[in-house]
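So the sequence lines, in the order shown, correspond to chains A and B.
Position one of the first sequence corresponds to residue 1 (the working numbering), numbered consecutively onward.
Position one of the second sequence corresponds to residue 1001 (the working numbering), numbered consecutively onward.
A few of these clues could be false.
[Stated by the list, open to error] Listed next, the stretches of chain B that the computed footprint assigns to chain A, with coverage defined by at least 3 CB atoms under 8 Å from CB atoms of chain A:
(1) 1134-1141
(2) 1263-1270
(3) 1290-1299
[As the list claims (entries may be wrong)] Within a straight-line C-alpha distance of at most 35 Å, the following computed DSBU-like cross-link-like pairs (lysine-lysine) qualify:
(4) LYS280/A to LYS1105/B
(5) LYS280/A to LYS268/A
(6) LYS1105/B to LYS284/A
(7) LYS1280/B to LYS1268/B
(8) LYS1118/B to LYS280/A
(9) LYS268/A to LYS1284/B
(10) LYS118/A to LYS1284/B
(11) LYS105/A to LYS118/A
(12) LYS105/A to LYS1118/B
(13) LYS105/A to LYS1284/B
(14) LYS1105/B to LYS1280/B
(15) LYS105/A to LYS1105/B
(16) LYS1118/B to LYS1105/B
(17) LYS284/A to LYS1268/B
(18) LYS1268/B to LYS268/A
(19) LYS1323/B to LYS1105/B
(20) LYS268/A to LYS1105/B
(21) LYS284/A to LYS1280/B
(22) LYS1105/B to LYS1268/B
(23) LYS323/A to LYS105/A
(24) LYS268/A to LYS284/A
(25) LYS1268/B to LYS1284/B
[Unchecked claim] Some chain A residues well away from chain B (every beta-carbon gap over 12 Å; in silico):
(26) GLY9
(27) ARG37
(28) THR71
(29) GLU113
(30) VAL221
(31) TRP247
(32) GLU262
(33) ASP276
(34) VAL283
(35) ALA296
(36) GLU344
(37) TYR350
(38) ASP393
(39) PRO409
Note that these hints are calculated values from the structure, not bench results.
Glycine is no exception: its CB is placed at the ideal position from the N, C-alpha and C atoms.
Protein chains: 2
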Amino acid sequence: MRILLVGAGGVGSAFCAIAARRDFFETIVVTDYSLERAEAAAAQDERYAAARVDASSADAVAALCREHRITHVMNAVDPVFDMPVFEGAFAAGADYLDMAMSLSKPHPERPHEVPGVKLGDEQFAVAEQWEAAGRLALVGIGVEPGLSDVFARYAADHLFSEIDELGTRDGANLVVRDDDGNEVFAPSFSMWTTIEECLNPPVVWEDGAWHTTAPFSEPEVFDFPEGIGPVECVNVEHEEVLLMPRWIDCRRATFKYGLGEEMITILKVLHQLGLDSTEKVSVKGVQVSPRDVVAAVLPDPATIGPRMTGKTCAGLWVTGTGKDAEGRPTGPRSTYLYHVVDNEQTMREYGHQCVVWQTAINPVVALELLATGAWQGSGVLGPEAFDAVPFLDLLTSYGSPWGVRELAP
Amino acid sequence: MRILLVGAGGVGSAFCAIAARRDFFETIVVTDYSLERAEAAAAQDERYAAARVDASSADAVAALCREHRITHVMNAVDPVFDMPVFEGAFAAGADYLDMAMSLSKPHPERPHEVPGVKLGDEQFAVAEQWEAAGRLALVGIGVEPGLSDVFARYAADHLFSEIDELGTRDGANLVVRDDDGNEVFAPSFSMWTTIEECLNPPVVWEDGAWHTTAPFSEPEVFDFPEGIGPVECVNVEHEEVLLMPRWIDCRRATFKYGLGEEMITILKVLHQLGLDSTEKVSVKGVQVSPRDVVAAVLPDPATIGPRMTGKTCAGLWVTGTGKDAEGRPTGPRSTYLYHVVDNEQTMREYGHQCVVWQTAINPVVALELLATGAWQGSGVLGPEAFDAVPFLDLLTSYGSPWGVRELAP
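Bound-form chain A, shown alone (with noise of 0.2 Å):
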């Protein structure tokens, strides 16, 4: 296996990190807009070689694929760029995994009721022509989407008869603080990222259809495990929403983001005041867009690994009816399988905060599968249309085991 890692900003380079210690590969060409950047992720092992590369030109990434004899391109860059690499990559036969798919564009009319073009719809668009030249594009293979499509999958097989709802949830009790001990607001995660994804109108798998709604719907507080306890939620843009309903038979799919009360008092602040828009504006002279201030004026989220402190928590929960091991119909269930882990330990051991590397070692794992052939397929897959079972059980032999907590039905 040669892979093309295409971004090497925080999670490409967790990402290089994770790999390194795993011997399923050849080589990983390492590959950035900035070279230093790929120079300095490639550094930690003698396998890994950098390149620079424009993720915008799908001829770029097929011209890299060809010099390289890549045979998997793992895509970590902004999912603006999602398209050009996916085609770069198909062009040149090789297979494809990303973390974040195509982007959605709302409904010009109703944007709260109905969706516009859906995430990941321009991908799904060619899985013939994927599955025709028997090529594999593993869409959605992050934290998030990714490993909680693992646990619908999982669900499916071994928990559920009958799921009502499929109810990704994320929360974290994650702290940053300055150098006099105090508190302050630095997101863990791209503000420009958190911007799009939170007031895109988010999106809802219910009986059937997918619909819309308005930005922070359905608030809900949910009880994360392992100390992290209660943080407020709302219904986000999401892929599992996309993804989960494909492969498997649910009434309901929902994301729903911890973002906590304060960030949620920030975003609807910057939309209130038009500071998420993209669109440039004329400041005494010189043109900005307002979202690219605040991102500028905020804490590098790669910086601030060394000053937080916690603990995140990615997951999924499952409602219906239960199974016992025969297959036979229990009683009503309620399950959250969840993967939880701590900021001081991913910088101890690998030097990354904790939301990139959660974020990063699940491709690594996917690769892994699909190197022993533990995993296989051709055309634009979910990670739900893979068995389950090998995937969590390496990622515990990763040292990153995943947890269950029954909840009252």
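Based on the hints, put chain B in the right spot on chain A.
For chain B alone, coordinates are given in the frame of chain A:
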């Protein structure tokens, strides 16, 4: 009386419109950094002339005074230019009026406990020179400060034998709508200045000394008259607190601004994210001040008048011991002296929105009292240094009456 108006923005333009109906002066030379703006404001009366001014230069202000044989300089520019305009007037032997005093600087170590440089300190520092020269600087003669200070003098002279608190309380129920009739967030006053005054440490006079607090301290809901109703008010740094105790005996002086919960949340978020900062940051190759970006994405307050409805109220809540007509102490008393302006009325009658109109009418009244000799003085004086009765009578005769509401003591 020959007036030099420095600044033809919202308040300056409204000043021109109000003064145009009065005959106590010979000329007003309307000046601005933009000659075009000065000319537009000067066009409405044949006694007016227009000129360009650099308000940051005391020499430029003095030269204009001499050229036009100015007797009174009316300062209506951003308070950042207070000192050069004040000094330019003195150099040219003119009297001076402003609506906001020289700026404060927080205490470097204990900003939320003790004042650093206070509002007006730079002006009061040279009070003896003004007095020796027989010249008058009447500082803080807008609505707040201004009319609120006149109310303080009236309360001390006519309503109270002993004053516990002089509490300026400002509130409004103004709403701005877009073309579709939906409410939009559009501050009726400069957002840059709102951030400045609301995020500076508020100052309070108590038991013979000034102290400061953290921003947004001591929230209270005050019930404003004439249909405005209850609004959440918080401590804000304002001139009244520095002016009133210099002339009027009181145990406590406060200023609380009815920002409302929405504006308080917005200001807190802007501060939390660092978007209130005036220091330039680098954003994709250009340098901008985040606060300038916030101001740039919001509607220009000068343009929202036609889309705004509602009333604004400026007033002074006085508590203490009342007195009867003979000056004998009665019992505990709690009185709100106020001035309410309806936006639809000022738009219809003057073409200016109510907040700038209410600020601008008070210096016109004051200048008329100085022209007739009803008010006389020299030195650096606040409005409370003069008899309140002729001011309130003349304000009423302008068609803009004031009110009194007795509250439960």
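Non-conforming hints, listed in increasing numerical order | Violated: hints 1, 8, 12, 15, 19, 23, 32, 33, 34, 35.
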